[in-house]
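S.K.: FYI, my numbering numbers position 264 of the sequence shown as 604, with every residue one higher than the one before it.
To be clear, the hints were calculated from the coordinates, so they are not data collected in a lab.
Some hints here could point you the wrong way.
[As the list claims (entries may be wrong)] In silico lysine-lysine, DSS-like type, Cα no more than 30 Å apart, as pairs:
#: 1; residue 1: 500; residue 2: 510
#: 2; residue 1: 524; residue 2: 425
#: 3; residue 1: 430; residue 2: 524
#: 4; residue 1: 516; residue 2: 576
#: 5; residue 1: 500; residue 2: 428
#: 6; residue 1: 428; residue 2: 516
#: 7; residue 1: 354; residue 2: 576
#: 8; residue 1: 473; residue 2: 377
#: 9; residue 1: 430; residue 2: 516
#: 10; residue 1: 430; residue 2: 510
#: 11; residue 1: 500; residue 2: 354
#: 12; residue 1: 524; residue 2: 473
#: 13; residue 1: 500; residue 2: 425
#: 14; residue 1: 428; residue 2: 354
#: 15; residue 1: 430; residue 2: 576
#: 16; residue 1: 354; residue 2: 524
#: 17; residue 1: 430; residue 2: 377
#: 18; residue 1: 546; residue 2: 510
#: 19; residue 1: 425; residue 2: 576
#: 20; residue 1: 473; residue 2: 425
#: 21; residue 1: 354; residue 2: 473
#: 22; residue 1: 473; residue 2: 510
#: 23; residue 1: 516; residue 2: 546
#: 24; residue 1: 524; residue 2: 510
#: 25; residue 1: 500; residue 2: 430
#: 26; residue 1: 377; residue 2: 425
Just so you know, these numbers come straight off a predicted model, no measurement behind them.
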Amino acid sequence: MASDSPLRAHLRLKFAESSGITRMVERDHHGPLLVQKPLYPEGYEVCQAVVIHPPGGVVAGDELGIRVHVGPSAHAQITSPGATKWYKSKGRTARQHVYLHAEAGGVLEWMPQETIFFNNARVMLHHEVELEKDSVYMSCEILCFGRTAFGESFDSGEIKQHTSIRQEGKLVWFEKLRLEGGSKAMNGRLALAGRTVCATFIMSGKPLPAQAIDLVREEAVRIGGESGQVGITQLKSLLVARFLGDSSEVARHVMLCIWRAVRPITLGRPAIVPRSWNT
Numbered sequence: 341m342a343s344d345s346p347l348r349a350h351l352r353l354k355f356a357e358s359s360g361i362t363r364m365v366e367r368d369h370h371g372p373l374l375v376q377k378p379l380y381p382e383g384y385e386v387c388q389a390v391v392i393h394p395p396g397g398v399v400a401g402d403e404l405g406i407r408v409h410v411g412p413s414a415h416a417q418i419t420s421p422g423a424t425k426w427y428k429s430k431g432r433t434a435r436q437h438v439y440l441h442a443e444a445g446g447v448l449e450w451m452p453q454e455t456i457f458f459n460n461a462r463v464m465l466h467h468e469v470e471l472e473k474d475s476v477y478m479s480c481e482i483l484c485f486g487r488t489a490f491g492e493s494f495d496s497g498e499i500k501q502h503t504s505i506r507q508e509g510k511l512v513w514f515e516k517l518r519l520e521g522g523s524k525a526m527n528g529r530l531a532l533a534g535r536t537v538c539a540t541f542i543m544s545g546k547p548l549p550a551q552a553i554d555l556v557r558e559e560a561v562r563i564g565g566e567s568g569q570v571g572i573t574q575l576k577s578l579l580v581a582r583f584l585g586d587s588s589e590v591a592r593h594v595m596l597c598i599w600r601a602v603r604p605i606t607l608g609r610p611a612i613v614p615r616s617w618n619t
């Protein structure tokens, strides 16, 4: 675990397309937040960046900032080598601010692995997305409340999350979450309904055919099983899918099922799971 001294870490990445190749043209970091090298697991049209946070977890008072800019017609995929852990706090709040921007015709896939909130964690998450004409954004987020594998529940602490997506300057998605450990909201039907894992998939791009949505919904519900809840809704240019359950592994399979179904239709590319997700 990190020391008691708060960390300030920032990472800025920029991607540009030239002659059908997406390159990482800028990479600037301050503190323990970095990308070692760009990867091309599915050819040079898609540039993958694995964001590494060497301390392995975020403690009270830490502040992380990530900014990603994708140029016209470029395609970037951002992922992580493992779960992000937010440790317990004695009062101070840990913060993360993610700002993602895709220019005209650009594609940005935000695919980090699970986020685990330890009991007594106090966390503020800001996630802002700016999209220009004909750009595509896909994101997958899995939130785990408490280390259930160790018999720990999230019965104390506070999680705040603000998420916004703008398409050509117009706000198309805004979500504000505030959860207090042990509160009624943790068990309420409008929040977690007593579950310990919440996963969300969002895609902003061309609407999917109704038949395709029905098929992926059926498969996602099957994978989620009787113990999980799955919902998929298309709101004009947005596709939003949710999973509520008690298993991060099941949540991962549900999210990847949706991604595998959506990506070929939207981008004309099969979904190749990041190698880091399999280690």
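S.K.: Which constraints among the numbered hints does this structure fail? Numbers only, ascending.
M.R.: 10, 12, 14, 15, 16, 17, 19, 20 and 24
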